[in-house]
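If you read the sequences in order, they're chains E and S.
Take the position in the first sequence, starting the count at 1, then add 14; the result is the number in the numbering used here.
Take the position in the second sequence, starting the count at 1, then add 643; the result is the number in the numbering used here.
Hint data in this document are derived by calculation from the structure and do not stem from the laboratory.
Keep in mind that the hints are not guaranteed to be accurate.
[Unchecked claim] SDA-like cross-link-like pairs, simulated, lysine to any residue; straight-line CA separation at most 25 Å:
{"no.": "1", "chain 1": "E", "residue 1": "Lys-125", "chain 2": "E", "residue 2": "Thr-104"}
{"no.": "2", "chain 1": "E", "residue 1": "Lys-403", "chain 2": "S", "residue 2": "Thr-845"}
{"no.": "3", "chain 1": "E", "residue 1": "Lys-313", "chain 2": "S", "residue 2": "Tyr-799"}
[Claimed, not checked] Looking from chain E toward chain S, a few residues come up when the C-beta cut is under 10 Å (computed):
{"no.": "4", "residue": "His-126"}
{"no.": "5", "residue": "Asp-162"}
{"no.": "6", "residue": "Val-171"}
{"no.": "7", "residue": "Ser-209"}
{"no.": "8", "residue": "Asn-470"}
The beta-carbon is built from N, C-alpha and C at its ideal position, and this holds for glycine as well.
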Amino acid sequence: MFSTSLGLLVAHLGLYVLLPLIPGVITMRIISADRVRERLFYILSWFLGVWILGYGLFLLQFIRFGIDRLAYGILLVFLLVVLFIRLKLTNTSRKSLSKTLPLSFKRMIPKHASTWYHISTWLLIVYIVLFVAAGFYFVTQFPSYADDAFGNWHLPVINILYDGGVQIFGEVGQILGRGRLGYPVMIPTMQAFISNVIGGYNDIYINIFPWLSFVFFIKAISLYIYQKRQDIRLALIAPALIISLPLIFLHTTQGYMDLLSAIYTALAIMSLYEWLNDDGHAAHLVLWIAFLSILSYVKNDGFVVYMLWTLIALIIYFVIHRKHELSKLRVFKKTSTWVFIVALVLFFIAPFTFLKSYYNLGFNQAAGADAGLGLASTIHREIFPAIWKTMRSMNNFSVAPLILLVTLIISLIYRKRIAKEKSFLLIAPAVILAIFIAVFLFTENYKFVLDQTTSNRVFTMVLVIFLALMPLVYSIDKSWE
Amino acid sequence: MKKYLLLTLSLLLCTWGVASAAYQQQWFSQYTEKDGKIDFRCEKNCVVLLGEKGGNDFVKVQWGTVQWNGQRGYGYLLGQQIYAATMLQPGNYEWSFVDDPIFKQIPDGDAAKVMFLVTGPLKVEWVQITMASRGGSDAIGWIWKRFRKTEMLAPYSINLHYWPYVGGWSWPLFGLIATLIAVGIVYIVRKKMNLKETLRITMIALIAVMIVGGVRLLVDDMKIIAQGHKQYTAVKEWKTFFDLGSYIDVTKQVRDTLDLDNVEARRGKECKIYAKSNMSRPFDAHRNSVYLRPCTVVQTGSEADYGLYYNVWPSYETGINILSGFNFYLYNFRQ
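With the rest of the complex left out, here is chain E (with noise of 0.2 Å):
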């Protein structure tokens, strides 16, 4: 359970990239996502590919398959005859990838830059290197610790690898990965089935899988950015800015799945915002709905937070924008874009949310009674000063939330300048945020604020979705290049 060794590190390293990049980049060849740019796509893919495999074998537990290389193999089959039907329906030959980004930071870096610009490039460079290689040492040497990994995500793992299994029918108790029944276990299925080829649980190298979520998630914003700005150092800040927050360091390190919720809910503004571009593609579309649909069930709670709330903001822009966007929604009237949505909706969606009505499973077993959506008998006023005190005195989030305000100052006050589709970029965290505190102020829920636990992940969360889109807001006007 505690060992290490380089072969075991290699072992777990190769499987958690190979393992979900195989189905994901074939599921991006079938929604015809290989318009997104080289590198990008192959990062992407793993995203997508990490919740095919944990979905695909999730699924195959229905019909009482294992966690083994056979089901695997099943899942990869399944995917290549999709993929041929739909190469042959659509009569689309595998068109080369587009253009490739430079490979080297210094061919990035343009070349009349000032020496300044040299210095701070490569200071960040440096910067994200070390905190990446820090949490590359914690998650290669040291043991699980946070207590939720354990209870949420790491039992469901060990009881499902020993149990051969996810045990989808049966009794209550016996069911699923048989700890709290709520928690999606798609997850720890993929996570069950690596060890399962490892041949055991390891209670260190679990943890690579959200280092590793948050490196590709660095990488993926970064490349993005500079892929619309042309400018490594603009690129950069992102990344700079989200490893500056306090919380986010335990969390590349702890299997805990906030980190991973924002990080779905930033590529699903993604790629939203670049089928919102005039350039855009429906294939973006298709990538923004498996985001969002993956979103449901990253944690409990991702349904009704992430997913339908960044739902909201579209709506909320098509709403402002709606003389000159509507044009877009014509999409929708393609019957391949509803035959996305629908195996999206059955694949990702349906079938836990089958399991959960069928079993009567909560909302929220973790909470218990302190949770609901229910509206509360008073407004809770008190929820403000306790966030200004977790903002102000316990510096969980840096300054993140005065750049938060000033970004929202400078779009209103040039909001004329303002390119309408990034004009999302803004509108998707704002909702979020708006949210959130309308959640804890009308609702019960409002408790979560004042013992701060959940209020401080739940914010932080919300920042790094903030963070990482924010530099494409100040590409939105020239005048401020």
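Position chain S against the provided structure of chain E, taking the given hints into account.
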């Protein structure tokens, strides 16, 4: 202890008024104060009222000769409200008000009176208690000290991170002030600045403050890693890991003995274990969920196959001791 001190303070509120020296004091069997140095003898509960916190920043206590085993502590008094006392460790001690979690709870901190509390029997040859504000090089040293102060890994760390502080300012407050100063300096240098430039400089300053704070936090992370390396990675035997102590090492021995890591051999076989420890969270979360799987942790020894006692004496000894170390025992109840 806390209740006792509160009772003492309640009585004190009724009878306050004795002011025989620079500090107000009560119930000492012997008390002399000269040039700020105090000799005293306290049999039961005694109090020195240092006065209002006012503009002071810290209290420093230096001890001469201390006899007997009494306890020392401090607390605050605001109107009729007493804020619970904190015990002081033996030896010279200095506490800053901004660092004190009890002081942070007081709504009007500057108006609170600071109390030095003694529970006898305690006889002290001299003690110097100084409440003062910082200034000059001392202030800079203190600001630097607070900025450097590291927060180690703790069970709450995933949800809370307090540092760095710059003197009495939290990092966000410092960031706001630093940003305003930066904008001010640029305004003075350029003599003219439009709204766009102001917002641009504000944003650059905030980003700089955030990244500097992040680098400072990375130092915390590095120190945690160094400590973890020293306790866990570099050690061959009897590893410890922060507040989990030797729990991981004990778990490893138990798993090896019961062959719990052998997935194929263990699959489908039932196994129940009774685990007892003198510690709860986070030990029980680890133990009951993952550490002893695939065995199920049960509530009583009578329904278990094995019994694990960590930091406690075995209480159900019907089986055979199959493994033990200096702070744990593993029993097989079915043999």
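Tested hints:
1. E:Lys-125 to E:Thr-104: 44 Å, violated
2. E:Lys-403 to S:Thr-845: 23 Å, holds
3. E:Lys-313 to S:Tyr-799: Distance ~20 Å between E:Lys-313 and S:Tyr-799 Cα, so the pair holds.
4. His-126: Not OK, violated: E:His-126 not within 10 Å of chain S, min 21 Å.
5. Asp-162: Hint on E:Asp-162: holds, closest Cβ of chain S at ~7 Å, below 10 Å.
6. Val-171: It holds, given that the least Cβ distance between E:Val-171 and chain S is near 8 Å, below 10 Å.
7. Ser-209: 8 Å, holds
8. Asn-470: For E:Asn-470, the interface hint holds, since the closest Cβ of chain S sits about 5 Å away, which is under 10 Å.
Hint compliance for this structure: hints 1, 4 are not met, and every other hint is.
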